[in-house]
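> Sequence:
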Amino acid sequence: MRSPVFIIGSVRSGTSALVDVLWHIGYEGFGEGHFLSLIHYIDAIVDLHYDRFASTDPEVLLGKLVGNVDRRHLKRSLYETFRTLVNDLNAKQLELDPKDPWFDKTADPGMILASPILRELWPSSVFVFAKRRGIENVISRVKKFPGASFEDHCAGWAGSMAEWRNTRQQLPPECFIEVEQRDMIQQPERTARSLCSFLHGDENAVQAAYKVLSTPGLQESEKGSASKTFSLAESGWTAEQTETFLKHCESEMKEFGYTMDERYSVTV
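In terms of this note's numbering, the sequence shown is residues 1 to 268.
If you are wondering where the hints come from, they were derived from the structure by calculation, not from laboratory data.
Please note that a few of the clues may not be correct.
[As the list claims (entries may be wrong)] When the alpha-carbon atoms are kept at most 27 Å apart in a straight line, the in silico DSS-like pairs for lysine-lysine are as follows:
no.: 1; residue 1: 211; residue 2: 144
no.: 2; residue 1: 75; residue 2: 143
no.: 3; residue 1: 144; residue 2: 75
no.: 4; residue 1: 228; residue 2: 211
no.: 5; residue 1: 247; residue 2: 228
no.: 6; residue 1: 144; residue 2: 247
no.: 7; residue 1: 99; residue 2: 228
no.: 8; residue 1: 228; residue 2: 143
no.: 9; residue 1: 99; residue 2: 211
no.: 10; residue 1: 211; residue 2: 247
no.: 11; residue 1: 228; residue 2: 144
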């Protein structure tokens, strides 16, 4: 099967369910990653530092404009450290051979933005982007993480969707698939077949994936919560919250074909 698999997307979009699927069809990996997303933040910091201290003076060690410390070479050296660390951890803690299929799940915006670099580090890598309509995602976020503000949750969903929409253009189309959280619940067999076909899994993998996805309550923080859909009017939000949601999320809702009513999306 294709490997490694990077599970990405907004939190509360089905990423944990996908981890369970991959475990059951023969992949190994940690339940949560949150390490490789550092690559994006380091990449950004290096750029900021070079831009701040740009110099044509050959006596300056950094010497961006004369190549004393080449920016691309520095980044490559840093990235390769991440690859070595992850490969070593997989070998030691997961007892994986180099050819064994493995995955990483990191529901963090930085991981989405790091995807093109990850593809360079692991040329055989593929990406599974978990997605969910903004209304249900924000409702779920608020219940799961009540300490964050409503506006932060709205901005978090919209940011992840926008970042993926832009980042996927930098990836070969054959190396990623988008999986709708709603389809995992309402169409588990179809979703299992689509995902396993993408991963080059056999019929045994399809059946194992289907069994996981059809398990009641797999993707729920409370009974029935994952399968519920709401129109914007049924969200239970105040007028101020609705305005905040539209401010942050309306554009990405349209970009991904999501509706504000009970239809969920224009393709349903």
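> Hints first: check each against the structure and report whether it holds.
Comparing the hints with the structure gives:
Taken as a hint, the residue 211 and residue 144 pair is honoured in the structure, with Cα atoms around 26 Å apart against an allowance of 27 Å. Distance restraint check for residue 75 and residue 143: the Cα-Cα separation of roughly 39 Å exceeds the 27 Å cut-off, and the hinted pair is therefore not satisfied. A hinted pair counts as satisfied when its Cα atoms are at most 27 Å apart, and residue 144 with residue 75 does not qualify at roughly 36 Å. For the hint pairing residue 228 with residue 211, the CA-to-CA distance comes to about 21 Å; that is within 27 Å, so the pair holds.
For a cut-off of 27 Å, the pair hint linking residue 247 to residue 228 stands: about 24 Å separates their Cα positions. Restraint check: the Cα-Cα separation between residue 144 and residue 247 comes to about 22 Å, which is no more than 27 Å; the hinted pair holds. For the hint pairing residue 99 with residue 228, the CA-to-CA distance comes to about 40 Å; that exceeds 27 Å, so the pair is violated. At most 27 Å may separate the alpha-carbon atoms for a hinted pair to count; residue 228 and residue 143 meet this at roughly 14 Å.
About 26 Å separates the Cα atoms of residue 99 and residue 211, which keeps this hinted pair within 27 Å; it holds. Between residue 211 and residue 247, the direct Cα distance comes to roughly 39 Å. Violation of the 27 Å bound is thereby established for this hinted pair. Restraint check: the Cα-Cα separation between residue 228 and residue 144 comes to about 16 Å, which is no more than 27 Å; the hinted pair holds.
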